[in-house]
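So the protein lines, in turn, are chains A and B. For what it's worth, the numbering used here labels the leading residue of the first sequence as 1, then goes sequentially. For what it's worth, the numbering used here labels the leading residue of the second sequence as 1, then goes sequentially.
No lab work stands behind these hints: they were computed from the structure. Using N, Cα and C, we set each Cβ at its ideal position, and we do this for glycine too. A hint or two may mislead.
Not the full set, but computed from the structure, chain A residues with beta-carbon under 7 Å of chain B [unchecked claim]:
(1) Val-69
(2) Ala-71
(3) Tyr-94
(4) Ile-101
(5) Arg-104
In the PhoX-like style, the derived pairs of lysine-lysine whose C-alpha atoms are separated by at most 20 Å in a straight line are [what the hints assert, rightly or not]:
(6) A/Lys-63 <-> B/Lys-93
(7) A/Lys-72 <-> A/Lys-128
(8) A/Lys-72 <-> A/Lys-89
(9) A/Lys-8 <-> A/Lys-38
(10) B/Lys-74 <-> A/Lys-89
(11) B/Lys-93 <-> B/Lys-74
(12) B/Lys-74 <-> A/Lys-63
(13) A/Lys-72 <-> B/Lys-93
(14) B/Lys-74 <-> B/Lys-106
(15) B/Lys-83 <-> A/Lys-72
(16) A/Lys-89 <-> A/Lys-128
(17) A/Lys-72 <-> A/Lys-38
(18) A/Lys-72 <-> B/Lys-74
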Amino acid sequence: MITQMQVKGLMFDPYTNAYIVILRDEDQSEMLPIWVGKSEAGAISLSLENVAPPRPMTHDFMKSYLDAVNAKVISVVVTDLNDNTYFAKIHLSYEDSEYTIDSRPSDAIALALRSHAPIFVNESVIKKQSSEELDQWLENLKPEDFGKLDS
Amino acid sequence: MPDQTPQSSETLIELTIDRIVEDSNTDTRIVVLSRSDEATERFMIWVGASEGESIRRALDTSVTPRPMSHDLVKNFGEHLGVKTTRVVLTDVKSSTYFATVYLENKGVTRTIDARPSDAIALALRCHAPIYVTHDVWQRRSGQNLDACLNKLETKNIGAHEA
Numbered sequence: 001m002i003t004q005m006q007v008k009g010l011m012f013d014p015y016t017n018a019y020i021v022i023l024r025d026e027d028q029s030e031m032l033p034i035w036v037g038k039s040e041a042g043a044i045s046l047s048l049e050n051v052a053p054p055r056p057m058t059h060d061f062m063k064s065y066l067d068a069v070n071a072k073v074i075s076v077v078v079t080d081l082n083d084n085t086y087f088a089k090i091h092l093s094y095e096d097s098e099y100t101i102d103s104r105p106s107d108a109i110a111l112a113l114r115s116h117a118p119i120f121v122n123e124s125v126i127k128k129q130s131s132e133e134l135d136q137w138l139e140n141l142k143p144e145d146f147g148k149l150d151s
Numbered sequence: 001m002p003d004q005t006p007q008s009s010e011t012l013i014e015l016t017i018d019r020i021v022e023d024s025n026t027d028t029r030i031v032v033l034s035r036s037d038e039a040t041e042r043f044m045i046w047v048g049a050s051e052g053e054s055i056r057r058a059l060d061t062s063v064t065p066r067p068m069s070h071d072l073v074k075n076f077g078e079h080l081g082v083k084t085t086r087v088v089l090t091d092v093k094s095s096t097y098f099a100t101v102y103l104e105n106k107g108v109t110r111t112i113d114a115r116p117s118d119a120i121a122l123a124l125r126c127h128a129p130i131y132v133t134h135d136v137w138q139r140r141s142g143q144n145l146d147a148c149l150n151k152l153e154t155k156n157i158g159a160h161e162a
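Working from the sequences, and respecting the hints, build out all of it.
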């Protein structure tokens, strides 16, 4: 079973110095945070804000590559979560055939936003993350982190 | 391997990547290229940190557990049967370099406008040659590698003092 999700926003996690993409389903009942690198976060952010950079950035180049050969992004699917690493698949249509390509979710999402392709998430990933990620988040919090709020 | 050199081949100079230099002050990388035919003259292009690291990984042929962005583009080509035949640094305007990536599938050649960083990162992964037009090579004038690297080192020392 897969659920369609939308990119709701981008956050910065000061504890891990990482960026987090927040995916949400249509009826706002499920949320999936995905940790991504700085440059991939930048690529997603440019797309969300509809900013067209003067020169094509890496994911614009990726889209130009597919456009040049008339390949289309049908959809992307976040398929699995293993040891805090997410896996995704990009579904392409090209010359009447369909191709499935392994990808990091960050690249898949950055490309989906530029291609106006839907983003899906396997339900098993949503179930897994709700326990794994929350535990990790809580473990990372230290007493002094709370203290900072007062100062 | 069949030669894909275009008709204007006499105006193209083949380049090899010499090394990647870190400019920690500006969080950029400098790609140092040299002519394949004479290794003494050099050419430099400033690229973003992530693009520079992507080029470095391709040079080191290091494998990451998950495909990085340029690995993904290479994988598109492998799945769809599209070959990256060459990349050409075609122009420079106000210190911004422009590149063209040549793709081929079923005998049809297609070109894509790209930044040199993406073009080079893909070319290295696909074992495609990297060229610069004679015109752009000439206009790299004023690029003095030693002076530039010295300046970079001085800047770094300054940063530590601050």
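Evaluated hints:
1. Val-69: Hint holds; A/Val-69 Cβ to chain B Cβ min 5 Å, cut 7 Å.
2. Ala-71: 6 Å, holds
3. Tyr-94: 5 Å, holds
4. Ile-101: 6 Å, holds
5. Arg-104: For A/Arg-104, the interface hint holds, since the closest Cβ of chain B sits about 5 Å away, which is under 7 Å.
6. A/Lys-63 <-> B/Lys-93: 24 Å, violated
7. A/Lys-72 <-> A/Lys-128: 31 Å, violated
8. A/Lys-72 <-> A/Lys-89: 14 Å, holds
9. A/Lys-8 <-> A/Lys-38: The hint holds at about 18 Å.
10. B/Lys-74 <-> A/Lys-89: Holds: B/Lys-74 and A/Lys-89 sit about 15 Å apart, inside 20 Å.
11. B/Lys-93 <-> B/Lys-74: 28 Å, violated
12. B/Lys-74 <-> A/Lys-63: 13 Å, holds
13. A/Lys-72 <-> B/Lys-93: With Cα atoms ~32 Å apart, A/Lys-72 and B/Lys-93 exceed 20 Å; violated.
14. B/Lys-74 <-> B/Lys-106: It holds: about 17 Å lies between the C-alpha atoms, which stays within 20 Å.
15. B/Lys-83 <-> A/Lys-72: At roughly 18 Å apart (the allowed maximum being 20 Å), A/Lys-72 and B/Lys-83 satisfy the hint.
16. A/Lys-89 <-> A/Lys-128: Distance ~18 Å between A/Lys-89 and A/Lys-128 Cα, so the pair holds.
17. A/Lys-72 <-> A/Lys-38: Given that 20 Å is the threshold and the Cα spacing comes to 26 Å, the pair is violated.
18. A/Lys-72 <-> B/Lys-74: 16 Å, holds
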